[in-house]
Amino acid sequence: MEKLVWITYLTIGIFFLGSISAFLIGKFTERWNSFWVAVLTGLIGFILTCYIALNLGEHPIVHKFNWFTFGSFKIPLGIYVDSLSVVMALIATGIGFLDIVFSKGYMEDDESPHRYYFEKLFFIGSMVGLVFVSNLVGLYIFWEGVGLCSYLLIGYWYWKRSAAEAALKAFVMTRFGDVFMFAGIIVAWVLLGTINFQELNALALAGAFSVKLGLLISLLIFIGAVGKSAQFPLFPWLLDAMEGPTTVSALIHAATMVNAGVYLVARMFPFFDYSHALIVVGFVGALSAFIAATGALAHTEIKKILAFSTMEHLALMFVALGVGSAAAGIFHLMNHAIFKALLFLAAGAVIHMTHQKDAFKLGGLYKYMPQTALLFLVGILALAGVPPFNGFFSKDWIIGATYAYGNPVIFGLTFVAAVLCIAYGFRLWFVVFTGEPSEYSKHAREAYPIMLVPLYVLAVLTVVIPFFKEQIIHFLFGEVHEPFFLNLLVATLTVMFILFGIVFLIYYKRVISTVKFLAHPLGKGINEFLYNGWYVDAAIKWICRHVFYGSIAKAVEWVDIHVVDGAVNGTARLSLACWDRCRKIQTGDVIDYLTYFVAGVITLVLLILFV
Amino acid sequence: MGNVYFWIIYAVVIGSAIIALEATSLLWAAVSFVVLLSEIALVYFGLNMPVLGGVQLAIYAGGVTILVLFAIMMIGESYKKPEGKAVKAIVLSLLLLILGTFFSFLSAIDTLPFKTFSTEVLGTVFVEKYSFFTIVLGFIVSALLYMANAIITKKREAK
Amino acid sequence: MVLLSMILLPVLVAPFAWIGEKVNRDIPKYLSLAVGVFLAFCTAYLIAKYPGNGFAFHEFYQIYPPFDFNLHLAADGISLVLLGIVAFLAITVTLSSWHVERPGAYFFLILIFLGPMVGVFVSLNLLWFFIFWEFTLVPMFFHIGIWGAENRIYAAMKFFIYTHLASVFLLLGIIVLYLSTHTFEFEKLLNIHLDPSVAKLVWILMFIGFAVKMPVVPFHTWLPDAHVQAPSPISVFLAGLLLKMGAYGLLRWEIFLFPQTSKFFAPLMAFIAVLTIFYAGFRALAEDHIKRMVAYSSINHMGFVLLGLSALTAAGISAAVYEMVGHALVISLLFMIAGYIHHKTHTWYISELGGLMKKIPGLMTMFVIGVLAAVGLPGTAGFVGELSVMLAAFDYYGWVMVIVPLASALGAGFFMWMLQRAVFGPLREEFKNLKSLTELPLIENIPLALYIGAFILVGVIPAVVFNLYNPVVNAFSQLFQ
Amino acid sequence: MLLEADVHAYLFLSFSLLAVGVYGLLSRRSVIRMLFAVEMIINAANLNLAIFSAQRNVDGEIFAFFTIGLAALEAAVGLAIVIVFYKRFGEVIPSKIRNLRW
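Chains as they are written, first to last, in my numbering: chain G, 30 to 640; chain E, 321 to 479; chain L, 4 to 484; chain S, 278 to 379.
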């Protein structure tokens with residue numbers, strides 16, 4: 030065990046070490062040398078993670094040390110590696126490694142690859158740390174670490190105003206969720222006396238605290254998860270985050286970081302369960318899934334459609350957790366990470382070759398980049414949940430679990446969202462890869478081999494994973510009962526088929542036109558409403574601009590300048606005015622002085638007389 | 321309260337004091353001032369303090385008046401009407417007067433016996449001891465007054 | 004003799020800096036640097052020799068025994084931490100002021116500032132504490148008034164009169180305390196039981212003095228003006244040392260001396276602290292002036308310090324002292340860079356800046372790191388400070404303090420928004436050919452790198468700070484039971 | 278009996294004189310008249326001294342001597358000043374001289 034502990038620390042440390050050395054080597058020697066450092070680091074990290082996974086026996090790896098002490102508080106840090114952590118770490122390091130390789134092609138024109146790889150490796154390190162740590166404070170540290178990397182990488186092209194704004198939005202919005210989580214950590218620590226996941230879960234299982242307190246703590250922590258995993262209402266940042274490089278979107282905003290919230294809820298599953306917080310998780314997830322699925326249906330940019338889709342699938346994971354099926358959620362997390370990374374990277378290849386993000390300005394790309402198109406199609410099929418691909422198994426499981434749970438609202442929203450995948454997925458594919466080639470498409474050519482290799486790996490994984498479903502689930506959760514409803518499955522597939530048919534007719538055969546629908550004011554309104562994600566972004570912006578900035582901050586500024594500082598300067602002005610009047614007494618005229626003197630004498634006499 | 325002589329003296333003192341301040345001609349003011357000081361000397365005599373009264377006559381009615389007269393001679397007359405502060409001054413002085421009187425009644429002075437003096441004694445003392453002195457002083461003062469008048473008139477004519 | 008020499012040496016060396024300028028322009032800064040290094044060595048020596056608990060290194064010089072007016076110097080863990088900050092800032096400020104105009108007078112003032120500054124932190128005699136406290140005002144006044152920006156006279160006057168007026172309250176408190184105890188000695192005062200009503204009076208009077216210095220809302224308005232007009236290195240002294248004096252005084256001379264009275268007033272302190280945190284946060288959000296914004300964030304952090312102090316447990320006090328260290332390091336960096344931005348772009352206003360990262364990536368990277376530390380990112384001192392303060396406050400006050408973490412979202416809001424507008428985004432047209440917009444010379448980069456290194460060090464290994472004074476604070480916290 | 282009067286009457290005389298003196302001091306614009314007023318005030322004080330002295334012992338009387346001497350000196354110096362004043366400014370109106378004002 031001792032060896033595994035050190036290897037775990039090494040796995041976290043090697044990425045930070047690698048990130049710094051990649052930066053320094055890239056800065057002081059040839060810039061692209063940082064790529065080799067990154068590849069090497071990523072590979073070593075992945076191998077180490079695999080090693081941990083293979084050697085992880087029945088017992089988790091546990092290590093604990095005291096970070097610092099103040100007063101009566103001892104701040105513990107440590108690692109707790111069980112199968113869940115390892116799977117998350119494998120996703121992070123594996124997809125991270127593929128992403129690093131892909132970036133060589135995607136970022137070929139970039140001026141500062143050392144900065145890029147520094148931030149990327151730093152991110153992977155933080156992500157690995159996030160899944161390995163054993164308590165909430167440690168988790169919060171790495172949680173902020175991945176948030177920082179997300180911020181830096183979204184704003185990677187910082188000279189673009191939109192990128193800077195998107196980075197700001199991502200940071201502040203996730204931070205807004207994080208502070209609630211921070212409050213939750215503090216409350217848990219002070220009132221429950223521990224922040225260790227296992228101890229918290231044990232307390233919950235033992236029923237050692239009131240449900241009300243547990244619910245408060247859970248909700249506070251869940252708000253952090255909502256912010257990080259882009260759920261309603263803190264999701265607009267994820268759409269804007271697509272301003273960053275597509276590789277970043279693939280790794281951070283699809284495969285790993287956004288899953289942190291799901292991971293956190295899964296990690297504290299017994300705690301949430303005991304506190305009756307899961308129903309909230311389920312509702313938020315279902316609502317978010319519905320918003321995201323409909324939004325994806327209306328949007329036109331490749332990456333934003335994928336972002337909506339990411340949000341939807343994260344929401345599905347939350348639904349799975351909410352209805353009590355953690356295994357389905359985590360299994361879907363894994364599958365989603367793979368096929369979404371595939372989709373994003375393939376989209377990255379398309380964008381890199383055409384320099385166009387708007388799907389509707391592309392078309393007929395199949396002719397120019399057939400391999401990418403097919404790989405993209407694999408991703409779409411997995412996303413849509415078509416049987417042989419991995420998406421089908423986990424998504425169907427989630428639908429089944431939701432159905433078994435029995436809440437009609439959650440089930441309805443989830444079902445609609447889940448089947449809509451196929452509609453927006455194929456809409457995207459048909460629009461981008463079929464039809465008449467546009468002027469952007471004509472300059473495109475097949476992606477470089479170094480970009481295609483990671484895509485192939487991921488595509489193979491989407492097909493291979495289902496074969497190991499039982500083993501993976503067993504590795505993660507032991508024996509799990511999967512609810513199975515044949516009629517539900519048939520219904521799902523039928524609806525999906527019908528939806529596919531409609532999309533096929535609209536976007537491939539083009540026999541049905543949406544122009545008339547969109548021209549109608551109502552249709553236009555609905556489209557705009559969905560396109561803008563139910564105007565949540567606008568609402569948040571309005572609140573920030575007009576409530577926090579425009580009202581409160583401006584009011585405080587006014588008070589500060591005119592009341593508080595006004596009082597300070599007012600004292601000066603008052604005394605000046607006072608003594609300006611008083612000095613008029615000093616006329617220099619003897620007679621006036623005499624008058625004062627006599628008046629003074631009289632006053633004195635009066636004083637002596639009457640006082 | 322005092323008898324009629326006292327109030328006559330009172331009236332002369334205050335009247336001459338007011339004239340000394342209010343007279344248009346500085347010279348007449350000076351004359352009035354001399355009268356005031358002499359009357360106060362008289363009060364001293366009346367209080368059976370002949371030495372004090374004599375000194376008052378000599379130094380005040382004599383020396384100080386002469387100084388004043390010389391000053392008037394050198395400077396000349398310059399009368400200006402009071403500039404609006406009279407009201408304030410009157411109010412203050414009246415306040416002082418009322419307060420002082422009130423204060424005097426409030427205090428316990430009147431419980432003590434108070435000496436009174438006869439005219440005979442006063443006259444005897446005055447004639448025996450100070451008549452010569454007074455006559456000489458009167459001459460000098462009259463001469464000075466005359467001189468001062470002459471000089472002032474000359475100055476006026478020169479202008 | 005070490006403590007006395009730490010106080011006297013800078014003051015004695017100071018005239019040579021002034022005279023030395025006539026001989027060679029470089030003499031003053033090297034003298035100042037040497038004194039800074041001397042202070043650092045002395046502090047290191049003291050830390051090495053420190054027995055771990057209680058007061059050590061007692062030095063006692065009789066001045067006028069009948070009034071108990073004796074120079075009594077001693078240091079405990081808290082003093083040592085603050086001495087470390089004094090030495091650190093002395094070195095970095097000297098390096099930052101390497102190319103200052105009229106170096107003779109400038110470093111003369113810096114040197115005569117350092118001596119009393121050390122004195123404030125090591126004096127165990129209340130009267131001497133006050134004397135040192137007042138002495139530090141004068142050099143600052145001249146620094147702001149002579150080397151400041153356009154509106155310097157106003158700022159210097161406001162700074163001086165405001166803080167001096169506060170000192171009058173402090174002095175009143177000291178006098179009342181003396182009249183009822185007939186001693187100025189800390190250790191004697193500790194054992195005297197004061198009448199509760201007198202103690203409350205003394206507490207309030209002294210609190211006004213310390214609160215203005217810290218500063219907390221409503222007594223804060225001198226600080227933004229002073230900071231904005233002061234040259235950047237002097238802002239560092241203001242934020243790093245002068246504000247610490249207030250917090251240190253509050254801790255040493257009020258909370259340790261009057262534990263029960265402090266307990267009575269703790270909710271008041273907590274209220275003021277929370278008000279300060281939110282008020283300064285919102286004020287900074289509305290601010291367009293970059294240095295003023297940093298100044299308000301400094302007030303915001305001092306609110307955290309006060310919040311820590313108001314939680315009268317060992318945890319709260321430890322957290323507050325840590326937050327003092329973190330604040331000194333982080334805000335110093337931000338003030339320096341805000342000053343450089345003005346120096347290079349000739350504008351103070353965020354709305355007139357934009358895209359600086361493109362032109363001066365090195366400096367701006369440091370700025371971004373500083374801002375991230377200020378918003379409390381883990382791995383920096385800001386995070387540990389906020390975490391420990393909030394923990395202690397929640398521990399002491401309960402559910403009311405749940406709102407405090409929200410303030411750090413506010414901090415992220417205004418700082419990140421500022422970064423987006425000033426540092427990132429497209430480079431403004433007028434900056435494209437601006438000659439002055441260049442990277443800093445190496446010597447001025449060193450202090451910035453030192454700040455970053457220091458706050459990352461204490462952020463990653465907070466124990467280096469906490470372990471110094473944990474036993475001291477634990478011992479004192481017995482008083483609150 | 279000549280001058281048979283109550284002590285209050287005497288004091289009333291004294292106060293009246295004082296009041297007139299004060300009135301003059303405050304309202305006159307000529308230095309010489311002010312000097313007159315000052316002398317009146319001094320005389321009022323002297324009268325007081327004399328009155329009380331007559332009632333009790335000679336202390337007040339002796340004091341009055343000194344006062345008279347001092348008053349004479351004061352008048353001498355004051356008038357000298359008046360003359361210098363006149364030479365310097367060409368008039369003796371004190372309200373015109375405001376050098377003491379800041």
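It should be emphasised that the hints constitute simulated quantities derived from the structure, not laboratory data. Watch out, some of these pointers could steer you wrong.
[Unchecked claim] Under the rule of at most 20 Å between Cα atoms (straight-line distance), these lysine to aspartate or glutamate pairs were calculated in the DMTMM-like manner: (1) L:Lys362 x G:Asp139; (2) G:Lys56 x L:Glu442; (3) G:Lys386 x L:Glu355; (4) E:Lys408 x G:Glu59; (5) L:Lys361 x G:Asp138; (6) G:Lys386 x G:Asp621; (7) G:Lys241 x L:Asp398; (8) G:Lys189 x L:Asp398; (9) L:Lys361 x G:Asp139; (10) G:Lys583 x L:Glu433; (11) L:Lys361 x G:Glu140; (12) L:Lys361 x G:Glu194; (13) L:Lys362 x G:Glu140; (14) G:Lys538 x G:Glu465; (15) L:Lys361 x L:Glu442; (16) E:Lys449 x S:Glu338.
Hint check results:
1. This hinted pair checks out: Lys362 of chain L and Asp139 of chain G have alpha carbons roughly 17 Å apart, not beyond 20 Å.
2. Restraint check for Lys56 of chain G and Glu442 of chain L: the C-alpha separation of about 17 Å stays at or below 20 Å, so the hint holds.
3. About 32 Å separates the Cα atoms of Lys386 of chain G and Glu355 of chain L, which puts this hinted pair outside 20 Å; it is violated.
4. The suggested pairing of Lys408 of chain E with Glu59 of chain G is violated, with an alpha-carbon distance near 97 Å, which exceeds 20 Å.
5. Between the alpha carbons of Lys361 of chain L and Asp138 of chain G the distance comes to roughly 17 Å, so the proposed pair stays at or under 20 Å and holds.
6. Between Lys386 of chain G and Asp621 of chain G the CA atoms are separated by roughly 89 Å; this puts the pair beyond 20 Å, and the hint is violated.
7. For the hint linking Lys241 of chain G to Asp398 of chain L, the alpha-carbon distance of about 19 Å falls within 20 Å, and the restraint holds.
8. Restraint check for Lys189 of chain G and Asp398 of chain L: not satisfied, since their Cα atoms lie roughly 45 Å apart, outside the 20 Å limit.
9. Between Lys361 of chain L and Asp139 of chain G the alpha-carbon distance is near 14 Å, which keeps this suggested pair within the 20 Å criterion.
10. As the CA atoms of Lys583 of chain G and Glu433 of chain L are separated by approximately 29 Å, the hinted pair breaks the 20 Å bound.
11. For the proposed pair Lys361 of chain L and Glu140 of chain G, the alpha carbon gap of about 12 Å is at most 20 Å, so the pair holds.
12. Taking the CA atoms of Lys361 of chain L and Glu194 of chain G, the gap is near 16 Å; set against the 20 Å cutoff, the hint holds.
13. Distance check on the hinted pair: Lys362 of chain L and Glu140 of chain G sit about 14 Å apart at the alpha-carbon level, within 20 Å; holds.
14. Distance restraint check for Lys538 of chain G and Glu465 of chain G: the Cα-Cα separation of roughly 12 Å lies within the 20 Å cut-off, and the hinted pair is therefore satisfied.
15. At most 20 Å may separate the alpha-carbon atoms for a hinted pair to count; Lys361 of chain L and Glu442 of chain L meet this at roughly 11 Å.
16. Between Lys449 of chain E and Glu338 of chain S, the direct Cα distance comes to roughly 19 Å. Compliance with the 20 Å bound is thereby established for this hinted pair.
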